[in-house]
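Asker: Sequence:
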Amino acid sequence: MRSLVEPGEAVTLGIPRLREIVMTASQKPKTPSMNVQIRTGIPQEEIDVFCKRARKLTLSQLVENVIVTEQLQAEGGSRRMQFTVCINLFPREEYEAVHDVEPGQILNAFAV
Numbered sequence: 001m002r003s004l005v006e007p008g009e010a011v012t013l014g015i016p017r018l019r020e021i022v023m024t025a026s027q028k029p030k031t032p033s034m035n036v037q038i039r040t041g042i043p044q045e046e047i048d049v050f051c052k053r054a055r056k057l058t059l060s061q062l063v064e065n066v067i068v069t070e071q072l073q074a075e076g077g078s079r080r081m082q083f084t085v086c087i088n089l090f091p092r093e094e095y096e097a098v099h100d101v102e103p104g105q106i107l108n109a110f111a112v
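With the working numbering, letter number 90 in the sequence shown gets 90, and the count goes up by one each step, no holes.
What you were told as hints is all true, and nothing was included just to trick you.
When the alpha-carbon atoms are kept at most 16 Å apart in a straight line, the in silico EDC-like pairs for lysine to aspartate or glutamate are as follows:
#1 Lys52 to Glu102
#2 Lys56 to Asp100
#3 Lys52 to Glu94
#4 Lys56 to Glu96
#5 Lys52 to Glu93
#6 Lys52 to Asp100
#7 Lys52 to Glu96
Hint data in this document are derived by calculation from the structure and do not stem from the laboratory. Small disclaimer: the values here were computed from a predicted structure and weren't measured.
Could you build all of it, start to finish, from the sequences and the hints given here?
Answerer: Structure follows, in structure tokens:
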């Protein structure tokens, strides 16, 4: 498990966005489709890899569950809420086989 939030970071605005990304992904995306003719002689394995990489992939297809914990922090006379978000992905071998994506590529999607 990897924490995406460092202590002291303000993440209040990020939690509603994360909830939107994970929970409201459309089941019927309005994305155009295309038909591609494959040249003869291309191995089926290469065709399968191309199809996996060209397919739309949402975070909700990779995430098994999300755990958000909150903790009240008090320093001196001020108080603030600290949120910790743990995103647990499906097993690596599962999403690599189905979507041809590696952990580093997923983490890059969270780059700020």
